[in-house]
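Taking the hints into account, I'd like the entire structure generated from these sequences.
Protein chains: 2
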Amino acid sequence: MRYADVGELVVQARNGVPRAVARLVSMVENASPALREVAAALAPHTGHAYVVGLTGSPGVGKSTSTNVLIAALREHGRTVGVLAVDPSSPFSGGALLGDRVRMEQHATDPGVFIRSMASRGHLGGLAWGTPQAIRVLDGAGFDVVLVETVGVGQAEVEIASLADTTIVLLAPGMGDGIQAAKAGILEVADVYVVNKADREGAETTVRDLRGALGLAGTYGPDDWHPPIVKTVAARNEGVDDVLAAIDAHRAWLERTDGLHARRRARAAREIEAIAVATLRERIGAVSGSTDLADQVATGKLDPFSAADQLIGSERRTRGGRP
Amino acid sequence: MRYADVGELVVQARNGVPRAVARLVSMVENASPALREVAAALAPHTGHAYVVGLTGSPGVGKSTSTNVLIAALREHGRTVGVLAVDPSSPFSGGALLGDRVRMEQHATDPGVFIRSMASRGHLGGLAWGTPQAIRVLDGAGFDVVLVETVGVGQAEVEIASLADTTIVLLAPGMGDGIQAAKAGILEVADVYVVNKADREGAETTVRDLRGALGLAGTYGPDDWHPPIVKTVAARNEGVDDVLAAIDAHRAWLERTDGLHARRRARAAREIEAIAVATLRERIGAVSGSTDLADQVATGKLDPFSAADQLIGSERRTRGGRP
Numbered sequence: 001m002r003y004a005d006v007g008e009l010v011v012q013a014r015n016g017v018p019r020a021v022a023r024l025v026s027m028v029e030n031a032s033p034a035l036r037e038v039a040a041a042l043a044p045h046t047g048h049a050y051v052v053g054l055t056g057s058p059g060v061g062k063s064t065s066t067n068v069l070i071a072a073l074r075e076h077g078r079t080v081g082v083l084a085v086d087p088s089s090p091f092s093g094g095a096l097l098g099d100r101v102r103m104e105q106h107a108t109d110p111g112v113f114i115r116s117m118a119s120r121g122h123l124g125g126l127a128w129g130t131p132q133a134i135r136v137l138d139g140a141g142f143d144v145v146l147v148e149t150v151g152v153g154q155a156e157v158e159i160a161s162l163a164d165t166t167i168v169l170l171a172p173g174m175g176d177g178i179q180a181a182k183a184g185i186l187e188v189a190d191v192y193v194v195n196k197a198d199r200e201g202a203e204t205t206v207r208d209l210r211g212a213l214g215l216a217g218t219y220g221p222d223d224w225h226p227p228i229v230k231t232v233a234a235r236n237e238g239v240d241d242v243l244a245a246i247d248a249h250r251a252w253l254e255r256t257d258g259l260h261a262r263r264r265a266r267a268a269r270e271i272e273a274i275a276v277a278t279l280r281e282r283i284g285a286v287s288g289s290t291d292l293a294d295q296v297a298t299g300k301l302d303p304f305s306a307a308d309q310l311i312g313s314e315r316r317t318r319g320g321r322p
Numbered sequence: 001m002r003y004a005d006v007g008e009l010v011v012q013a014r015n016g017v018p019r020a021v022a023r024l025v026s027m028v029e030n031a032s033p034a035l036r037e038v039a040a041a042l043a044p045h046t047g048h049a050y051v052v053g054l055t056g057s058p059g060v061g062k063s064t065s066t067n068v069l070i071a072a073l074r075e076h077g078r079t080v081g082v083l084a085v086d087p088s089s090p091f092s093g094g095a096l097l098g099d100r101v102r103m104e105q106h107a108t109d110p111g112v113f114i115r116s117m118a119s120r121g122h123l124g125g126l127a128w129g130t131p132q133a134i135r136v137l138d139g140a141g142f143d144v145v146l147v148e149t150v151g152v153g154q155a156e157v158e159i160a161s162l163a164d165t166t167i168v169l170l171a172p173g174m175g176d177g178i179q180a181a182k183a184g185i186l187e188v189a190d191v192y193v194v195n196k197a198d199r200e201g202a203e204t205t206v207r208d209l210r211g212a213l214g215l216a217g218t219y220g221p222d223d224w225h226p227p228i229v230k231t232v233a234a235r236n237e238g239v240d241d242v243l244a245a246i247d248a249h250r251a252w253l254e255r256t257d258g259l260h261a262r263r264r265a266r267a268a269r270e271i272e273a274i275a276v277a278t279l280r281e282r283i284g285a286v287s288g289s290t291d292l293a294d295q296v297a298t299g300k301l302d303p304f305s306a307a308d309q310l311i312g313s314e315r316r317t318r319g320g321r322p
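As given, the protein sequences belong to chains A and B, one line each in that order. Take the first sequence: its position 140, counted from the start at 1, is 140 in the working numbering, and no numbers get skipped. Take the second sequence: its position 261, counted from the start at 1, is 261 in the working numbering, and no numbers get skipped.
If you are wondering where the hints come from, they were derived from the structure by calculation, not from laboratory data. Hints are not guaranteed to be accurate.
A pair counts as met if it fits within one copy or between any two copies, since identical chains are not told apart.
[Said to hold, decoys possible] With a straight-line Cα cutoff of 25 Å, these simulated DMTMM-like cross-link-like pairs (lysine to aspartate or glutamate) come out:
hint, residue 1, residue 2
1, K230, D198
2, K300, D257
3, K230, E200
4, K300, E37
Below, the structure is given as structure tokens:
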């Protein structure tokens, strides 16, 4: 397929052709030369999908929860695009076994699109490739875009910055109470789901979480109180409660004008990430030709003075004032 | 203390005054206004410390291993500065209980300095604050700078880019074999340590790791073969083997000129990170005054065109050509 066909690809994607959607995601994920053209062609169709982020430590049941959420959303007549982002994986493109299994389960349903993405290697992790992929699924017309990622390090903070509603998944007996507080997820979750709620320790997890949330501060009458929902995803229990919690959060966002504020902030970060990446490329081209690194490595120059020289030379090569 | 005292602080730090070292780390960690002055004052004294990175999943025994490594290095007469970097922590400054305990253990030894750092909130995670803190400990005259961090997501890749020798710590029965392959640590480790080697499954972990390393490629005669060292850090077993492995790797680096190459590459990344942060700040100041984010959020403009406009306006305000 040629780049000239970007417009046609977007039309096909909006007509529900999975291959066209997949192709567009690949183009943005791999930063193909047509990336800008894709973004421009999609823009008029974006801003309609509701973006749900789902994150949690390894082992809490993210894949299973995603699967039952997809099924529940489909029952409510909503189409779903899923991005399974693995911030630690060097692989991409749905190559992992688990995703193949998941793909097959929904393979015959044109209302579901599932795609795995690696974020390693992309500038700024989730910050770069994922928003563009969300934009593809949004532009393709999916009602809900579900972004699933392993909640490690900064990933859950980043996913929260991309989503309209962020779900943090926990499970009993994984020390998640302490981990939660430590990792700062108390700041990012809109909905908590304690999965595997039939296991011993589920009540303790809920209580610890409630305690931690209580410590995190008091809520005003117009504030959102993140609910704690219990599920057993493997048995499809409690999933409607999760959907209800998402809908309640959405209603609250729309009532308080928070939805537009979130999306505006998301767009601002996206623009900034692209602008910085563009500037970084320009710097990279210059730094290869200098011995600044040598001078810093041997203590002859400090890195800040070196950076000043780098920006200075970058500006000169671009014709700006020195 | 006033900024005018930066030179005096550096002198004190080099004379082994822990408070001066701590103060300098705080200044670079918090990007104080004197950051540049600190970097400039330190530069002539840097480039002498050997930087060891130590990373691994939660639960493999990083703190314990760090502690016995410090003790072993001290027995060999080497001074040690330790940075415990928690990429997921919003806290910093040694406030965590575990670090207080560790501090106390070495509190009376002027040849040891331990400091925890959060990397959250810093631009680019480890990429920003940690190199500057390493620079402080290097400039303060510590023989070895040990950087300990939780190996999640990109952290172990980032730590490898900062260290002369990177140690990846594993433990039996944590599925680390698969995790290792997945997280790409096979590319970054110079030395593998299988800790808790008295536990069941230790041999399996070593075998899995050896198998994965074998799959990762063949080694030429001049290549470094990452050794696998077994330890029981809690009983101080195998620690001298770890030191021997570090020394062997260092000798190999020096023989192949790899040490200077690594440090040059590290300096180049550091300079680039600072240059990008500087440019990002300039962009940020401009983006607040535009409605570009609104246009992107509502689909009127794609983010790449918005970024072009942002860079364009940024250049104009700086007096460059439009």
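Structure-based check of each hint:
no.: 1; hint: K230 to D198; result: within (9 Å within a copy, 39 Å between copies)
no.: 2; hint: K300 to D257; result: between (53 Å within a copy, 19 Å between copies)
no.: 3; hint: K230 to E200; result: within (13 Å within a copy, 35 Å between copies)
no.: 4; hint: K300 to E37; result: between (45 Å within a copy, 15 Å between copies)
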